[in-house]
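Visitor: For the sequence shown, the working numbering begins at 29 and goes up steadily by one.
Errors might be hidden in some of the hints.
[To be verified] With beta-carbon atoms standing in for the labels, derived distance ranges:
id, residue 1, residue 2, range
1, 514, 491, 28 to 38 Å
2, 380, 197, 19 to 29 Å
3, 520, 96, 42 to 52 Å
4, 492, 641, 30 to 40 Å
5, 374, 213, 47 to 57 Å
6, 620, 592, 23 to 33 Å
7, 641, 235, 50 to 60 Å
8, 496, 465, 17 to 27 Å
9, 559, 380, 21 to 31 Å
10, 579, 559, 22 to 32 Å
11, 111, 559, 13 to 23 Å
12, 40, 645, 50 to 60 Å
13, 592, 32, 43 to 53 Å
Keep in mind the hints are simulated off the structure, nothing from the lab.
Since this is a predicted model, take the numbers as computed values, not measurements.
Backbone N, C-alpha and C define an ideal beta-carbon position, used for all residues, glycine too.
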Amino acid sequence: MKYQNFYNKSIEDPKEFWELQANKIDWFKAPKTILSKDQYNYNQWFKDGELNLSYLCIDKHINEGFGEQNAIIYDSPVTNTKQHITFNNLHHEVSKLAGGLQQLGLQKGDTCIIYMPMIPQALYAMLACARIGVIHSVVFGGFAPHELAIRIDDCKPKVIITASNGIEIERIIPYKPFVDEAIVKATYKPKHVIVFERQLIVEIPMKNYDVDYTSLVERSPAIEAVPMESTHPSYILYTSGTTGTPKGIIRDTGGYATALKFSMKYIYGVNEGETFWAASDVGWVVGHSFITYGPLLNRNTTILFEGKPIRTPDASTFWRVISEHKVKAMFTAPTAIRAIKKEDPTGEMVKGYDLSCLKYQFLAGERCDVATLNWAEEKLKVPVIDHWWQTESGWPMLANMVGVDLQKIKPGSAGLPVCGYEIQILNEEGEEVASSVEGYVAVKLPLPPGTLSNLWNNPERFRLGYLERFPGYYFTGDGGYVDEDGYVFITGRVDDIINVAGHRLSTAEMEEVVAAHKSVAECAVFGVHCEIKGQKPLGLVVLKHDEVSEEQTIQKEIIKDVRKEIGAVASFRDVLIVNRLPKTRSGKILRKLLRNIADEMNYNIPSTIDDPSIIKEIIMVYKANQIGIHKN
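Please model the entire structure based on the sequences and the hints provided.
Guide: Right, dumping it as structure tokens:
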């Protein structure tokens, strides 16, 4: 079954194609209605089917005799811990935690925030919520209390599940104190905070809403998986919005399960019983789809890694994990490979491990430069496959579908459209452009199963943000082009979202924090190229005329403010003081022009600029601070 024929079937008759794929998972009640419309006239999949994600990830495999297979291998070089968790072990932990959630009053349709480090209890919490129909929202631990408070107010969780702390190379992350601070900041107050107590931290004072995780699990009954409608929300996952307010992406249950089972086999090329590793975090969509649900649905052993690609203890960590745990396919962000390459440019550390088990290395999360892809391919001696998708899609939109047949790899391209995604490049008028002409990347409706079903409590924002610009299409927010062979090249966001080490972040949100500083008259925050992280934020600041504070002090305060309000994930470290910002005559700051100058790109000074002489001043500031083309 070759790629083009397989892909064509998914586009020509999506109902028949996805019904066939849906039959490959176990339903409590098989769907008869494959594709239909919801109350907002948006597509939904398998609406009359019933199933349960937790059952598919655990119970199904035990019932088929695989209870003693490893479901999760927890490998934590930062704590020097390794733990093998079988499907039987997983069932015990998840079913009893689900019972504990029920005893605390949670029921189908309630929400729960999970704010945890990369430990097994994070996965137990996700699967326990899915088991009883509680809609979970995992918040990445790199986000500060202010960001957590925004999410608490938006999804109104009855319970937050957290850990006492996270452990990194040189510091302890105070998860529980962050939760306490977020609850103070939030208008909505959760009823309980379930706390998993870890070692290596001083005792944290308990609050009256706290519940000890271990005690709760020990005293609670085991709960069987509850049948869920296919359209029931499995989780809310927040992604950055251009307004600075995060968007709560809603994922369904039946379409998601179908898409993930399909992905493991046809995109990643792994068979049941094999080991798969996505080196990401459960706070991101990769952690949901390909650390937790996808591998476990497919009866793969999933690697849960608590560490970094370097300094835990060195740049050989990834190769050690692959070799030791017999990983067949691995997935990470190009940032990780660039960091390893910087530490070990000749790849000597790769030679110390037997990587014969590894068949494919996948890269995604940010645009992969050609040099990084070529380096990985040369050192690992396996196909290195760049692919592209979004929090909104939930699974890959562009890829080399190795489970169908391996296509030619074109460095710089994220590959060919994945089954179900009819991707087109459109101009401003919504017309398809010719090959190799850059435009807006859009997907013709209906989207395949597993993609976003709406935004939490905000269907109008969903419509305006994704469906209105090009009627009949889902607008991705990215620009790109298709070459003469059908390969798609993604050139980057067309809005104010930047990609820092695979993490989508809003520059508008950062700008709001910078502008709030008492010394700042106006500012611009935008993404510039970073050799390791792909992009990083840069802030340009104009000070108030009567400002007397030292510039260096102001810069440090602004950086501290962004870290406090948004978190370390923003990697906001560069603030430049300028006399004025380039604007159009109507007063719009020319952020794209500022970015292009910094990124060594060709730029044209628009005719609408109010004062062209400002560009020379900006270049002088860049040069003085070793930014972009002016660093030499």
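Visitor: Should the hint that residue 520 and residue 96 are 42 to 52 Å apart at their CB atoms be regarded as holding?
Guide: This hint holds: roughly 47 Å between Cβ atoms.
Visitor: Taking 22 to 32 Å as the stated bounds, is the beta-carbon spacing between residue 579 and residue 559 within them?
Guide: holds, 26 Å
Visitor: Can the suggested window of 28 to 38 Å be confirmed for the beta-carbon pair residue 514 and residue 491?
Guide: At 30 Å between Cβs, range holds.
Visitor: Given the hint of 17 to 27 Å, check if residue 496 and residue 465 actually sit that far apart at their C-beta atoms.
Guide: Once the Cβ atoms are compared, 23 Å apart, the range 17 to 27 Å for residue 465 and residue 496 holds.
Visitor: Holds or violated: 43 to 53 Å for the Cβ distance of residue 592 and residue 32?
Guide: holds, 52 Å
Visitor: Take a look at whether the Cβ-Cβ distance between residue 492 and residue 641 falls inside 30 to 40 Å.
Guide: holds, 38 Å
Visitor: Is 21 to 31 Å right for how far apart the beta carbons of residue 559 and residue 380 are?
Guide: Taking Cβ atoms as reference, residue 559 and residue 380 lie about 26 Å apart, which means the hint holds.
Visitor: Does 47 to 57 Å hold as the CB distance between residue 374 and residue 213, or does it fail?
Guide: holds, 49 Å
Visitor: Would you say the C-beta atoms of residue 380 and residue 197 sit inside 19 to 29 Å of each other?
Guide: holds, 21 Å
Visitor: Return holds or violated for the Cβ distance of residue 641 and residue 235 against the range 50 to 60 Å.
Guide: This hint holds: roughly 58 Å between Cβ atoms.
Visitor: Just to be sure I understand the hint, the distance between the Cβ atoms of residue 111 and residue 559 should be within 13 to 23 Å; is that true here?
Guide: violated, 36 Å
Visitor: Within 50 to 60 Å: is that where the Cβ-Cβ distance between residue 40 and residue 645 falls?
Guide: The hinted range 50 to 60 Å holds for residue 40 and residue 645, with Cβ atoms some 57 Å apart.
Consistency note: the structure conflicts with earlier hint 11 alone.
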